[in-house]
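There are 2 protein chains.
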Amino acid sequence: MSQSPAQKRPHRASQREKGDPLVLPPGTTSAQFKDFIKRAQNICGADNVFVVETEDQLVDGTYKEPNKTHDMHHLYDRSHFVCSATIAPRDVPGVQDIMRLCNELEIPVWTFSIGRNTGYGGAAPRVPGSICLDIGKNMNRILEVNVEGAYAVVEPGVTYFDMHEYLEQHDLRKHVWLDVPDLGGGSIIGNASERGVGYTPYGDHFMMHCGMEVILPNGDLVRTGMGALPDKTAGHKPGVPPHEQPGNRAWHLFNYGFGPYNDGIFTQSSLGIIVKMGIWLMPNPGGYQAYMITFPKDDDVKQVMDIIRPLRLQMVMQNVPTLRSVLMDAAVYGDKASYHDSKEPLTEAELDDIAKKLNIGRWNFYGALYGPEPIRNVMWSVIKEAFSTVPGAKFYFPEDRPEPHSILRTRALTMQGIPTYDELRWIDWLPNGAHLFFSPIAKVSGDDAMLQYKVTKKRSREAGLDILCDFVIGMREMHHIVCIVFDREDPSSKKKAHWLIRTLIADCAEHGWGEYRTHLAVMDQIAETYNFNDNAQLKLNEQIKNALDPKGILAPGKNGIWPRNYPKEEWVMDGKVEPLE
Amino acid sequence: MSQSPAQKRPHRASQREKGDPLVLPPGTTSAQFKDFIKRAQNICGADNVFVVETEDQLVDGTYKEPNKTHDMHHLYDRSHFVCSATIAPRDVPGVQDIMRLCNELEIPVWTFSIGRNTGYGGAAPRVPGSICLDIGKNMNRILEVNVEGAYAVVEPGVTYFDMHEYLEQHDLRKHVWLDVPDLGGGSIIGNASERGVGYTPYGDHFMMHCGMEVILPNGDLVRTGMGALPDKTAGHKPGVPPHEQPGNRAWHLFNYGFGPYNDGIFTQSSLGIIVKMGIWLMPNPGGYQAYMITFPKDDDVKQVMDIIRPLRLQMVMQNVPTLRSVLMDAAVYGDKASYHDSKEPLTEAELDDIAKKLNIGRWNFYGALYGPEPIRNVMWSVIKEAFSTVPGAKFYFPEDRPEPHSILRTRALTMQGIPTYDELRWIDWLPNGAHLFFSPIAKVSGDDAMLQYKVTKKRSREAGLDILCDFVIGMREMHHIVCIVFDREDPSSKKKAHWLIRTLIADCAEHGWGEYRTHLAVMDQIAETYNFNDNAQLKLNEQIKNALDPKGILAPGKNGIWPRNYPKEEWVMDGKVEPLE
Ligand SMILES: Cc1cc2nc3c(=O)[nH]c(=O)nc-3n(C[C@H](O)[C@H](O)[C@H](O)COP(=O)(O)OP(=O)(O)OC[C@H]3O[C@@H](n4cnc5c(N)ncnc54)[C@H](O)[C@@H]3O)c2cc1C
Ligand SMILES: Cc1cc2nc3c(=O)[nH]c(=O)nc-3n(C[C@H](O)[C@H](O)[C@H](O)COP(=O)(O)OP(=O)(O)OC[C@H]3O[C@@H](n4cnc5c(N)ncnc54)[C@H](O)[C@@H]3O)c2cc1C
Chain X
1 MSQSPAQKRP HRASQREKGD PLVLPPGTTS AQFKDFIKRA QNICGADNVF
51 VVETEDQLVD GTYKEPNKTH DMHHLYDRSH FVCSATIAPR DVPGVQDIMR
101 LCNELEIPVW TFSIGRNTGY GGAAPRVPGS ICLDIGKNMN RILEVNVEGA
151 YAVVEPGVTY FDMHEYLEQH DLRKHVWLDV PDLGGGSIIG NASERGVGYT
201 PYGDHFMMHC GMEVILPNGD LVRTGMGALP DKTAGHKPGV PPHEQPGNRA
251 WHLFNYGFGP YNDGIFTQSS LGIIVKMGIW LMPNPGGYQA YMITFPKDDD
301 VKQVMDIIRP LRLQMVMQNV PTLRSVLMDA AVYGDKASYH DSKEPLTEAE
351 LDDIAKKLNI GRWNFYGALY GPEPIRNVMW SVIKEAFSTV PGAKFYFPED
401 RPEPHSILRT RALTMQGIPT YDELRWIDWL PNGAHLFFSP IAKVSGDDAM
451 LQYKVTKKRS REAGLDILCD FVIGMREMHH IVCIVFDRED PSSKKKAHWL
501 IRTLIADCAE HGWGEYRTHL AVMDQIAETY NFNDNAQLKL NEQIKNALDP
551 KGILAPGKNG IWPRNYPKEE WVMDGKVEPL E
Chain A
1 MSQSPAQKRP HRASQREKGD PLVLPPGTTS AQFKDFIKRA QNICGADNVF
51 VVETEDQLVD GTYKEPNKTH DMHHLYDRSH FVCSATIAPR DVPGVQDIMR
101 LCNELEIPVW TFSIGRNTGY GGAAPRVPGS ICLDIGKNMN RILEVNVEGA
151 YAVVEPGVTY FDMHEYLEQH DLRKHVWLDV PDLGGGSIIG NASERGVGYT
201 PYGDHFMMHC GMEVILPNGD LVRTGMGALP DKTAGHKPGV PPHEQPGNRA
251 WHLFNYGFGP YNDGIFTQSS LGIIVKMGIW LMPNPGGYQA YMITFPKDDD
301 VKQVMDIIRP LRLQMVMQNV PTLRSVLMDA AVYGDKASYH DSKEPLTEAE
351 LDDIAKKLNI GRWNFYGALY GPEPIRNVMW SVIKEAFSTV PGAKFYFPED
401 RPEPHSILRT RALTMQGIPT YDELRWIDWL PNGAHLFFSP IAKVSGDDAM
451 LQYKVTKKRS REAGLDILCD FVIGMREMHH IVCIVFDRED PSSKKKAHWL
501 IRTLIADCAE HGWGEYRTHL AVMDQIAETY NFNDNAQLKL NEQIKNALDP
551 KGILAPGKNG IWPRNYPKEE WVMDGKVEPL E
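Going down the list, the sequences are from chains X and A. Per the UniProt record's numbering, the first sequence runs over residues 1 to 581. Per the UniProt record's numbering, the second sequence runs over residues 1 to 581.
Next comes chain X alone, as it looks inside the complex (with noise of 0.2 Å):
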């Protein structure tokens, strides 16, 4: 084994010399720093190298117009969890020339494709320090999409929206279909590589990949499943450079391969970097529609959770529900003040108010129907039967729901595969609209369902925050996502949101429940929080980890697992957090 790695601890202040980046990459020193400036300017061209300099260049930006450098949706300070650079190699070997540089000087690098994953930490890296490669930003060709095989493979920058787009010019929908998120700016590997979820028969995006080529920590390409095979056939010849091989034919159609199946290690890791994927498109079902269904009663949630369960299980909802809680939707329709003028978290009352106003339950449930109409129609048939058990409990399809932003009707675009951005309308809940995701897994039961709910409102009332979530309904669990919107320019706002998840997290650990995802600012608490058998689990992905990135290069810290030269003491966020006053 070589030389070991240099120990890295935090970057602490000093005196900054011109040129330098806000923050140093940890163990750099600021001459060590220009150097890799200057030969990473050569390997991506001056063009594709962005230094972070000064605070005024911590632009938050929107959604629709992201920043590479730093969390739109900041917590902490703005320039918490900040890059020194940001820089957008050309193609594949211009990353692989990255990551060897890096780990020739022992600089940190943290990979986004778009940097649109907001409410877990947008673009920014988990080390202050660290380089953002923006991956998508030269590359993001479509490069295939296979209508007989109903795929398509595509590089890190390819959006939903780019890839509905081809679609479309190429009137393709008549064969396939997209899943597509709530929103359509992010990139098709950067939500498959974080395991995310969208709303058709085809939801689990990291089921429906097949098929990657990603480069590992030290630069290395490797094809994962029936890609490792070269196939001549498909033009495989020898000479030309490894990524510019075309894939074996079965690379995206089977999964496995030969061997130990490794795609997993490669999501929600710090293991490798994606660079072509493969995505199942759904065949057109051949008829499509989309229905809501609105619950009176806050405790409804219970009653029509159990409804669910064997209805989903069973495919009779083909597709990932979702069942909405009423400020969910009203967020959509209107901002907090349009309802009300109140700083405090609304109550019981004024939620029936809004339902009331807006035609809408406590909570709302949405699902489609896919297939020719007569299965559509023995389908809604039991599901309609299902749901009249719950008094109240009234029917709609998006013609009935004519009003402006309707849930519904986007919606009913999501649920067949159109990207929108309807949705982005409930982060300016508040003024300065930011957000954290809180993302705990549960059993599809009304028990887990109302208990959940319960512990999640308590909190948000004791913060003072209103509770906007929703239940997205996998075959067997569901992942509730509670959406903390506060005020970004607030620090009262923003404490308020952080007391909420640090407390949210532990509260649904004594109940055994546990995220799916999360926030940079507490990765560590969740991670401390799959514990079991003396952190079995977790010292197995170091062990991984310190394998495969013996100096710790790529993406320290992601989901808590820290690489042997970062000293833990000095790096994990722990769960501790100031009270609420």
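No wet-lab data here; the hints were simulated from the structure. Just so you know, even glycine gets a beta-carbon here, dropped at the ideal spot from N, CA and C. Any given hint could turn out to be false.
Sample of chain A residues at the chain X side, in silico, Cβ under 7 Å [what the hints assert, rightly or not]:
1) G259
2) I441
3) R476
4) N541
To give an idea of the chain X side of the interface with chain A (calculated C-beta under 10 Å), a few residues [claimed, not checked]:
5) L105
6) V214
7) D231
8) N255
9) I265
10) V382
11) A386
12) K443
13) W513
14) T518
15) L538
16) Q543
17) N546
We have chain X already, so just place chain A with the ligands on it with the hints.
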């Protein structure tokens, strides 16, 4: 890092001492072995330790009574792939202790759950003289069947038959169905760990697993996914040993947990021993109908496959259907001698005769419809119309095939998850019937199917063997399962089978096709075909292997992955094979 482990070389025959096994573990002396056995007896009880001392003890047995020492369907000598001892731990700590002991003494271990992995090596280890852990013998409890969540949790020794009986006894099939492979004698864990397939909509067994408890090569115990989060509400209590702690309520509902998703690296690998696993059960679909469609001409495979692709993708074909060549079916009806006294591969005319005699096609398709009658009717009318375009296609329901050994009547059980033994009959196509599986993956397409079939047929003819094969059709790819049947008491028959598989691996690699799983003897050859970018994937696997198992204790050589202390030039069995005379 601790002291480097000793280099391991194949054991050369030497004078054997009393009490020595037929083959000592590589690098282990007689005295060390005896010390090991004594200590293993202390851990597991003398009853659970069996040393292979003589050739006489190598009794092939049958599928129903499989041996636990060597490959029942031996391609080389019976004693080639042989273990030194078979040890059956009594419980999880027993497995951990054995792994620690093997680390201490640097003795390699091979694991099986049941040992019915026929066609792929059975119970035998890759490295002769390894210890075989018969993990399913004592650890064979059904830990839970959860109807609401539609899953079961099992230990390694639970077979498909065991689970089926449990469902029957508790009258649970009205709620949930199991997915089963062709035969029901294998273990749920062993099959999923090899990424085996079944034939209901839940046929992808790795996809349908959820949550593992794994013992790492060093003896550490890990729970994956949500299992890593201790759950007090499920009864988790400090003081109880980890493996006895009840699991998180979402352990078997949600696969991914938080951070890297590791389960894939424990499949087809040498990185862990799975001691508990969740498997999803399919909700009873509320209606079922199996069907068979026969096609008269050998060339029909092309047209048929192009009809299947869109229907399967659209889930009009809801399950994993199979398209079987005439002899695959015929061999279940009777052995070769019952049709013909030829020692040569049957000719086209002879195959046509057999098809006619049995009233089956040259190709026979088996699928099923799931759901209430109106839904099944829609699906069936689409399927029937599509296949009616193939001249001479005939359609059958089970009641139309009352003959003994009707494949359709067996498949009608299999496709609803009822295990059987019927398919065993094709192994006896030749006297002393033994078999090897050759299993390449391909796109679901007429061209691929036709070409792959032609290549296989041509080489089978050259080898002087009949071709028995079927296509197992997943959503986007198919597993082409070629059953190479040979006479294990006839050296020339074995030579033919051996020549055939090695030649087919090489031929298929030329066409860009790779195998999904394989026999011990050809693991190295297949691993070598997955050699993209200078074997990047293999190197990645080796890095992880060396990190988690620095002494190369667990399953060295499995699927071509050799730990650092096994010099490859001494161990790899490459693609060379004696020419046929
Ligand atoms: C209103 C609203 C609704 C939302 N709804 C959803 C939803 O329905 N479902 C959902 O999943 N999310 C949702 N999100 C969260 C987020 O917007 C999406 O997940 C988005 O797709 C993230 O996209 P991105 O490509 O910009 O991420 P990026 O910032 O580019 O990537 C996110 C992270 O993934 C990793 N990563 C990115 N690229 C790579 C790569 N090439 N190789 C390795 N790792 C990589 C990095 O760790 C990175 O930090 C929502 C957000 C908002 C504001
Ligand atoms: C006629 C016939 C039809 C068949 N049809 C099918 C079919 O339809 N589908 C199919 O998939 N197979 C099929 N097979 C192959 C085989 O019988 C099955 O795959 C069977 O399920 C293997 O079962 P097992 O549990 O005995 O395997 P084992 O021998 O117990 O295990 C197989 C391998 O898995 C690994 N393993 C086992 N247990 C563990 C563990 N606890 N932890 C880690 N690794 C472990 C080991 O490497 C082991 O060598 C068929 C075989 C025959 C003869």
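Here's how the hints hold up against the structure:
About 4 Å separates the beta-carbon of G259 (chain A) from the nearest beta-carbon of chain X, less than 7 Å, and the hint is met. With a least beta-carbon distance of about 5 Å to chain X, the hint placing I441 (chain A) at the interface is held under the 7 Å criterion. At a threshold of 7 Å, the smallest CB-CB gap from R476 (chain A) to chain X is about 4 Å, leaving the interface hint in force. Because the beta carbon of N541 (chain A) sits about 6 Å from the nearest beta carbon in chain X, less than 7 Å, this interface hint is met.
Here the hint on L105 (chain X) is broken, as its CB sits about 22 Å from the closest CB of chain A, past 10 Å. The beta carbon of V214 (chain X) comes within 9 Å of a beta carbon in chain A, closer than 10 Å, and the hint placing it at the interface holds. Checking D231 (chain X) against chain A by beta carbon gives a least distance of about 3 Å; that is within 10 Å, so the hint holds. This hint holds: N255 (chain X) has a C-beta 9 Å from the nearest C-beta of chain A, less than the 10 Å allowed.
At a threshold of 10 Å, the smallest CB-CB gap from I265 (chain X) to chain A is about 5 Å, leaving the interface hint in force. The interface hint given for V382 (chain X) holds, since its Cβ lies 9 Å from the closest Cβ of chain A, which is under the 10 Å cut-off. Annotation: A386 (chain X) was flagged as interfacial toward chain A, and the flag is violated, the nearest CB pair being 14 Å apart, outside 10 Å. Nearest Cβ of chain A to the Cβ of K443 (chain X): about 6 Å, under the 10 Å cut. The hint holds.
Hint on W513 (chain X) holds. Least Cβ distance to chain A is approximately 8 Å, under the 10 Å limit. Residue-level restraint check for T518 (chain X) holds (minimum Cβ-Cβ distance to chain A is 8 Å; threshold 10 Å). Taking 10 Å as the C-beta contact cut-off toward chain A, the hint placing L538 (chain X) at the interface holds, the least distance being around 8 Å. A least Cβ separation of about 5 Å between Q543 (chain X) and chain A falls short of the 10 Å threshold, and the interface hint therefore holds.
Given hint, N546 (chain X) at the interface with chain A, holds; its Cβ is 7 Å from that chain's nearest Cβ, closer than 10 Å.
Of the numbered hints listed earlier, those contradicted by the structure are 5 and 11.
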